[in-house]
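Asker: This is what each chain is made of:
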Amino acid sequence: MDAALEVRAVTKRYGPSRGVEDISFSVRRGEVLGLLGPNGAGKTTTLRCITGYLPVTAGRVFVEGHDLWNHPFEVRRRIGYLPDNPPLYGDMTVFDYLLFSAELHEVPRARRGPRIDEVAERLQLGDVLGRLIGRLSRGYRQRVGLAQAVLHEPPVLICDEPTVGLDPAQIVEMRDLIRSFGREHAVVFSSHILSEVRLLCDEVVIVRAGKVVTQGAPADLTAKLHGGIEHWLVRVKGPEASVAAALRGVRGVHAVSPFGETTPADAAEGVCGLRVEAAPGAGGGELSDRLFDALAAGGWRARELRRLETSLEEVFLELTATEQAAKRDARAAAPRARGGRER
Amino acid sequence: MTAGSLSKWWVVARREWQVAFQTPLAYVLLALWMLISGFMYVGLLVSSQSSDLSSLVQNMTVLILFMAPFLTMRLLAEERRTGSEELILTSPISAGQWVVGKYIGALLVWSVFVGVSLLFPLVTSRLGQVDWGVIAASWGGLWLFGAATLAVGLFASSLTDNQLIAAMLSFVIILLFYIASWVQTGGWVATLLSYIDLPDQLTSFSVGSVAVTPLVFFLSLIGGFLFLSVRSVDLRRWT
Numbered sequence: 001m002d003a004a005l006e007v008r009a010v011t012k013r014y015g016p017s018r019g020v021e022d023i024s025f026s027v028r029r030g031e032v033l034g035l036l037g038p039n040g041a042g043k044t045t046t047l048r049c050i051t052g053y054l055p056v057t058a059g060r061v062f063v064e065g066h067d068l069w070n071h072p073f074e075v076r077r078r079i080g081y082l083p084d085n086p087p088l089y090g091d092m093t094v095f096d097y098l099l100f101s102a103e104l105h106e107v108p109r110a111r112r113g114p115r116i117d118e119v120a121e122r123l124q125l126g127d128v129l130g131r132l133i134g135r136l137s138r139g140y141r142q143r144v145g146l147a148q149a150v151l152h153e154p155p156v157l158i159c160d161e162p163t164v165g166l167d168p169a170q171i172v173e174m175r176d177l178i179r180s181f182g183r184e185h186a187v188v189f190s191s192h193i194l195s196e197v198r199l200l201c202d203e204v205v206i207v208r209a210g211k212v213v214t215q216g217a218p219a220d221l222t223a224k225l226h227g228g229i230e231h232w233l234v235r236v237k238g239p240e241a242s243v244a245a246a247l248r249g250v251r252g253v254h255a256v257s258p259f260g261e262t263t264p265a266d267a268a269e270g271v272c273g274l275r276v277e278a279a280p281g282a283g284g285g286e287l288s289d290r291l292f293d294a295l296a297a298g299g300w301r302a303r304e305l306r307r308l309e310t311s312l313e314e315v316f317l318e319l320t321a322t323e324q325a326a327k328r329d330a331r332a333a334a335p336r337a338r339g340g341r342e343r
Numbered sequence: 001m002t003a004g005s006l007s008k009w010w011v012v013a014r015r016e017w018q019v020a021f022q023t024p025l026a027y028v029l030l031a032l033w034m035l036i037s038g039f040m041y042v043g044l045l046v047s048s049q050s051s052d053l054s055s056l057v058q059n060m061t062v063l064i065l066f067m068a069p070f071l072t073m074r075l076l077a078e079e080r081r082t083g084s085e086e087l088i089l090t091s092p093i094s095a096g097q098w099v100v101g102k103y104i105g106a107l108l109v110w111s112v113f114v115g116v117s118l119l120f121p122l123v124t125s126r127l128g129q130v131d132w133g134v135i136a137a138s139w140g141g142l143w144l145f146g147a148a149t150l151a152v153g154l155f156a157s158s159l160t161d162n163q164l165i166a167a168m169l170s171f172v173i174i175l176l177f178y179i180a181s182w183v184q185t186g187g188w189v190a191t192l193l194s195y196i197d198l199p200d201q202l203t204s205f206s207v208g209s210v211a212v213t214p215l216v217f218f219l220s221l222i223g224g225f226l227f228l229s230v231r232s233v234d235l236r237r238w239t
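Protein chains in written order, with the working numbering: chain A, 1 to 343; chain B, 1 to 239.
Since the hints were derived computationally from the structure, they do not count as laboratory data.
Glycine included, C-beta positions come from ideal geometry on N, C-alpha and C.
Errors might be hidden in some of the hints.
To be verified - Among the chain A residues that face chain B by a calculated CB cut under 7 Å, a handful are:
# : residue
1 : 76
2 : 77
3 : 87
4 : 103
Claimed, not checked - Label pairs and their in silico Cβ distance ranges:
# : chain 1 : residue 1 : chain 2 : residue 2 : range
5 : B       : 104       : A       : 109       : 16 to 26 Å
6 : A       : 211       : B       : 83        : 23 to 33 Å
7 : A       : 184       : B       : 210       : 52 to 62 Å
Using the sequences provided together with the hints, build the complete structure.
Answerer: Okay, here's the thing in structure tokens:
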């Protein structure tokens, strides 16, 4: 059993339409897995099932070979968990809280002090150890929550949207921490920010409406999702229609469409932006040569010619859009008050 | 398994104890407890001129009715509201250990209340003769009485994430126990109800006798409500 965490066909149903369906993945120590999806996609539910906070309806969770269902404590001992809302006691000092967590997680007595010092230093909590948690800022609270999760050196670390609500500097810090913990632990974290997932993860699981849409290495996903179609951006001074027609004639090009909105500055100069879709394997260098030649032949001056790497981003946006559309439809079809509770 | 897992409830209880005396709540309640029971004590002393404190103990049980909900309302409801229960329920600690730890923590705080109120017999012993055996029995009964109401309060706190609702709920349940014997319909219902009447059960303690029936009654009340609390914490996750 080389995977530290193995999630096998986990399903959690509550209510008629909520929950998650058939989610599977595995993570090794030293790997970071990102659970990516729009809000309400079931990320938190999935993580809660893994940590045992919510019982699964079906499926299995294994941590270092221990089955969550049959040996919940063996699994809980091996998981560190930072929920979306850090589980803190505002009326305790940081030190007392960490000591309490260490005791709960069975850190041996002699190790507790040194471990707290170690973790506090790594998370830069040294100067707030004596402060009441309730008086700390959001960034500190998040770090205290993370400290609690790694205190007992669990093989598996689960973080639910660890960067939400932080300021930009804190987000960068938190990402660095996750990356560095990812070298020692098997890390699973959820996010709705694609760039974050791409930055940190060895594997991505994209969920939508409780189902896995796709999963794999970030680079592979890009290729897989769009069948390897390449996207290029061409910004050029010239009439949009004729430029587009010329580019369509280039070998390997599938389609040409306007690239988003034209900025006022571009419009004033008569510069248009076009998105070019090219067949898989149309050849990077070669294709750009051909595009360039086509522009030169028409006498148009290129301002920008580059390959777009954002297709995962687009896919994600597409998914989000479809989901929102589906939601709107559902709401229109069945207008009724949302019952039930969050948990 | 290890010594650590045996004492998990103690980790929880100790935290409760620490927090109780780090925040003003316990001090405020303790001050009110001593203020009102002191008032009762002085009133009794002046009016009866006697060293018999049994009626004081009876009066203090009424005070408990009002205080116990405040001592217990936070216990589980707050953890649920703030999300800190997510740490507990994903740690290697069982719902039973958690609930018992919470209960023991509250019980320790309550013991301080009872301990401080021993001031009254102490003062009386300066003024006249005090039968310390009777005092031990009646204050023991008082402690046990409070312990039972704390178990009720803990259960109420396990049902909601709203502390106010938890407090009102425990107040109502305890009040029902108070007035249980008021229903004088006769027959087995009345017999049953008279058994669960809290102040009645305490009467024997306050005159210095420790009978088996009330002892069993209070202990099973505590056990029953602790059990319900554990079930409530466990079950909530399945729904």
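Asker: Now tell me, hint by hint, if it's right for this structure.
Answerer: Now the hints, each set against the structure:
1. 76: 5 Å, holds
2. 77: 5 Å, holds
3. 87: Status holds, d = 4 Å.
4. 103: Interface hint status for residue 103/A: holds (4 Å vs cutoff 7 Å).
5. 104/B to 109/A: 16 to 26 Å: 21 Å, holds
6. 211/A to 83/B: 23 to 33 Å: 26 Å, holds
7. 184/A to 210/B: 52 to 62 Å: This hint holds: roughly 59 Å between Cβ atoms.
Of the numbered hints given earlier, the model fails none.
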